[in-house]
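Peer 1: Each chain, written out:
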Amino acid sequence: MADTLVKATGIEVVYGARRRFGRSTAGGNKVLHGIDIHIDRHETVGIVGESGSGKSTLGRALLGLTKVTKGSINFDGVDITRLTESRIIPLRRRMQMIFQDPMSSLNPRHSIRRILTEPLLFHGVATDKGDAERRVRRFFDRIALPSSCLDRAPHELSGGQRQRIGIARAALLEPDFVLADEIVSGLDASTQAQTLNLLKGLTREMGLAMAFISHDLSVIRSVCDRVYVMRYGSIVEHGRCDDIFTSPRDLYTQLLIDAIPLPRIDPGWLNRGRIDDATAVAATI
Amino acid sequence: MTNSILSISDLSARSELDHRLILRGVSIGVAPGETMGLVGESGAGKSTIAKALLGILPRTVRITSGRIVFDGRDLRNLPERELNQIFGDQIALIPQDPLTALNPGRRIEGQLTDGLRLRRNLPWRQARLRALELLDEVQIRDPERVMRAFPHELSGGMRQRILIAAAFALEPKLIIADEPTTALDVTVQKQVLRLMRHLQASHHTAIVFVTHDIGVVAQICDRVTLLFEGRVVESGTTAEILAAPKQPYTKALIAAGPRYDRPETGLQPVPDSVINMLRADIIASDGRSSNG
Amino acid sequence: MDEAVSLAPPTKAVQSHSPRWRRQLKVLMSEPKVAGAGGFILLLALVALLAPLISPHDPLDQDLMLSALPPAGFDGAERGHLLGTDNLGRDVLSRLIFGTRITLIVAVVAAGLAALIGTTLGLLAGWYRGLVDGSISRLVEIWMSFPPVLLSILLVAVIGSGVTSVIAAIAIIDWTRFCRVIRAETMAQAQQDYVLAARAVGYPRLYILLREILPNIMPVLLALVSLEMGIAVIVEGILSFVGLSVSSDTPTWGGMIAEGRQYIHQTWWVLAAPLAALFATVLCFNQLGEGLRRALDPVLRR
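Residue numbers (the working numbering), protein chains in the order written: chain A, 933 to 1217; chain X, 592 to 883; chain S, 518 to 819.
Worth flagging that the hints you see were computed from the coordinates, not collected in a lab. C-beta atoms are modelled at their ideal positions from N, C-alpha and C, and glycine is treated no differently. Keep in mind that the hints are not guaranteed to be accurate.
Under 7 Å between C-beta atoms, here's a sample of chain A residues computed to sit facing chain S [stated by the list, open to error]:
1) Arg-1024
2) Phe-1031
3) Ser-1036
4) Leu-1038
5) Asn-1039
6) His-1147
Residues of chain A placed beyond 10 Å of chain S at every Cβ, according to the derived structure [said to hold, decoys possible]:
7) Tyr-947
8) Glu-975
9) Asn-1006
10) Arg-1136
11) Gly-1205
Restraint-style ranges between C-beta atoms, simulated for each label pair [said to hold, decoys possible]:
12) S:Val-544 <-> A:Met-1138: 37 to 47 Å
13) S:Leu-723 <-> A:Arg-1046: 16 to 26 Å
14) X:Ser-618 <-> S:Leu-800: 27 to 37 Å
15) A:Gly-960 <-> S:Leu-723: 22 to 32 Å
16) X:Ala-871 <-> A:Lys-999: 54 to 64 Å
17) S:Glu-658 <-> X:Arg-650: 44 to 54 Å
18) X:Arg-698 <-> A:Arg-1136: 52 to 62 Å
19) A:Leu-1202 <-> X:Thr-691: 45 to 55 Å
20) A:Met-1138 <-> S:Glu-658: 30 to 40 Å
21) X:Lys-837 <-> A:Arg-1046: 32 to 42 Å
Let the hints inform the model, and build the full structure from the sequences given.
Peer 2: If you want it as structure tokens, here you go:
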């Protein structure tokens, strides 16, 4: 499929395994069990799951930031799982990430200017400092950020502004693929709406492919074309958003959808549906 | 409202650091056994109110006027000794983060029996038995094992149930639930909400439920108070507020959340015009109250 | 507490006219410990630099006619000897002033050297982990199991006494302190999202260590260096007290304390002056370190 940008097959990730002469042996925690996932150009794919589902790990694996113990990840035809760190570097420009917490994902000791212009110069997207600054300012206009932000340090900005800087950092490199990891999870409904609208506009204009990780199915529905539902390191269901929501096949997906409280009076909601008690006592001794 | 368990009248508070008004003449009434939702975006003042009701306002925040009447007693005019008897006893807290609210170095049995032993003077064995009953009430399947466990050995949902059990342990008349499900998975949230409703009914406790999630409010609150920058924008029964919101801000806030059942509506942030109107209103009334 | 939705300018507006370093300096000076303690230390440095110019007498000048004079304000004090003289007639104040030189040289160079060695190894261990960390950590453990006093005496016995060996002794023993702390800090910073973000941009590993992580470790490092300088001052004092430091001609505070101890009943001021100076200096280094830590941590300060 010439349209597929990111294709992951049989991904397994194990944390903390003891390595014996290069071959991983027992011990360790298997976080992903044989994941198959693909993202086509220009499409937005959602990855939804609760805590412990492995969605964040999957996202980082797709970007080659987490080592996979089995399986392969293909980015535009290149198998990035077999590449050394230095061979991956030129590809990195084309796959970027936006983080959940803009406070911790921006270096507290760097100015915004430095955070945004350095990557442009590093990858040669900008020819010199002046060009880099011009690009940044132009982008600021697009996302309604005042250029006075450039001289500031991250902690001197508001939360909403930091979130936009995070988006800017990813978008300025003009990537083909962006991973958005729970980027609206801590936000108010209104800020969330603003940020998501901004993101949707950008992906449309720039023709980006996006993997959108979230625990909130409602947000996923409003942003994504297709969705993968994850649980305990496996994909339990996937398909077009419309299909999943109108007729979910997997029991867990149904549980997940049903658990969302809607802002309308529904007296039966609270007591409806089976409660999977196993979920609740999952992580006990 | 003579029948209310809690009656906040015209409460105003100011920050000592930058003299900003944090609360502007807030009035809220809660009837016994009912769940009152306290909704608003960040900075609305809802956690300030919660802290004031628990007596844990930071020293940098000062209440400048208004009354807090709990069970017929004016909390701002009570001697410290009587206040200590109310906070943490007749008014209890279900905190937001189950991870940090429990002491990681103590077993659950110690933490759960603290209140019973210190406030009700129950001997250890009796307190422990009562704690086991409470764990059963919050539907924990293996209460003995949980009692002997340390917090890090349990899941988030489990910890939140324990905190709920602890809140109900002293049979409080009022519980302040400060975003108790925000940190939980959505499926766990539903179980916890169901549990809280159930316990509230059997113990006839009133709950002030602080949240920014209107969906949660719709499912669990009897009445709602909507706040914006320290001011009550609108209040009423949940049904009224959802079906026929009067204020434009209320309408906008309800519409701002994404709805999986209405994908066509899209994402609508609260329009700047609505915010500006509210702010102008606030500035005007601030001016009036400082002149009057 | 989060700020509300807003495209409005930040609430804490900082003038963007002045360059960042000047703003940072302003912030530093606003912390009283930095300004106060730092000022004192600067003064000491000046004293050390200008010692020959400001010293009232030659510190080595003996005048048995003027021996054992008490400091000003006491019975029998003489003009020209503010802090009195010792049993050989040498001016205490002058010796104190010249002693500052040794003290500060040792403090700065020894602390700097220990910091350099320890920080380098700590950064490498904390960032590259694996075998690198394993070997460095083992090295630190073994190194720390040697008794420090014994080691320093051994060293001086081998190299011979003098400023160089004092500095070497301090640096060789204390680098482990830096290594452990910096290693821990590096590992903590490496967990942060901004490091992951830097990797996502594609920066090479060494680049990330030096350009992204190191600046965030600076506050801890500077505070540690300041503390270490205080320690170096004390160690120098101890070593010269036992006669293992510079030759007995060159005045050092530790040496003065050793001499003063012998004649404490006759000339207590010979002991009191360097003791007070030592105390004040170490106190200032500690306070400076504490103040730097607080002033330089951007997140903590909010």
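Peer 1: Please go over all the hints and tell whether each is borne out by the structure.
Peer 2: Here's how the hints hold up against the structure:
1. Arg-1024: With a minimum Cβ separation of about 3 Å from chain S (threshold 7 Å), the hint on Arg-1024 of chain A holds.
2. Phe-1031: Nearest chain S Cβ about 5 Å off; hint holds.
3. Ser-1036: Nearest chain S Cβ about 4 Å off; hint holds.
4. Leu-1038: With Cβ-Cβ at 6 Å, under 7 Å, it holds.
5. Asn-1039: holds (4 Å)
6. His-1147: At 18 Å from the nearest chain S Cβ, His-1147 of chain A fails the 7 Å test, so the hint is violated.
7. Tyr-947: The claim stands: Tyr-947 of chain A keeps its Cβ more than 10 Å from every Cβ of chain S (closest is about 14 Å).
8. Glu-975: Non-interface label on Glu-975 of chain A holds, nearest chain S Cβ at 21 Å vs cutoff 10 Å.
9. Asn-1006: Its Cβ never comes within 10 Å of chain S, the nearest being 18 Å, so this holds.
10. Arg-1136: holds (21 Å)
11. Gly-1205: At about 33 Å from chain S, Gly-1205 of chain A clears the 10 Å cut-off, so the statement holds.
12. S:Val-544 <-> A:Met-1138: 37 to 47 Å: At roughly 39 Å between Cβ atoms, Met-1138 of chain A and Val-544 of chain S fall inside 37 to 47 Å, so the hint holds.
13. S:Leu-723 <-> A:Arg-1046: 16 to 26 Å: Hint holds: Cβ distance 18 Å, inside 16 to 26 Å.
14. X:Ser-618 <-> S:Leu-800: 27 to 37 Å: violated (55 Å)
15. A:Gly-960 <-> S:Leu-723: 22 to 32 Å: At 28 Å between Cβs, range holds.
16. X:Ala-871 <-> A:Lys-999: 54 to 64 Å: holds (56 Å)
17. S:Glu-658 <-> X:Arg-650: 44 to 54 Å: holds (46 Å)
18. X:Arg-698 <-> A:Arg-1136: 52 to 62 Å: holds (54 Å)
19. A:Leu-1202 <-> X:Thr-691: 45 to 55 Å: Given range 45 to 55 Å: violated, Cβ gap about 28 Å.
20. A:Met-1138 <-> S:Glu-658: 30 to 40 Å: violated (53 Å)
21. X:Lys-837 <-> A:Arg-1046: 32 to 42 Å: Hint violated: Cβ distance 49 Å, outside 32 to 42 Å.
Checked against the numbered hints given earlier, this structure breaks hints 6, 14, 19, 20 and 21; the rest are met.
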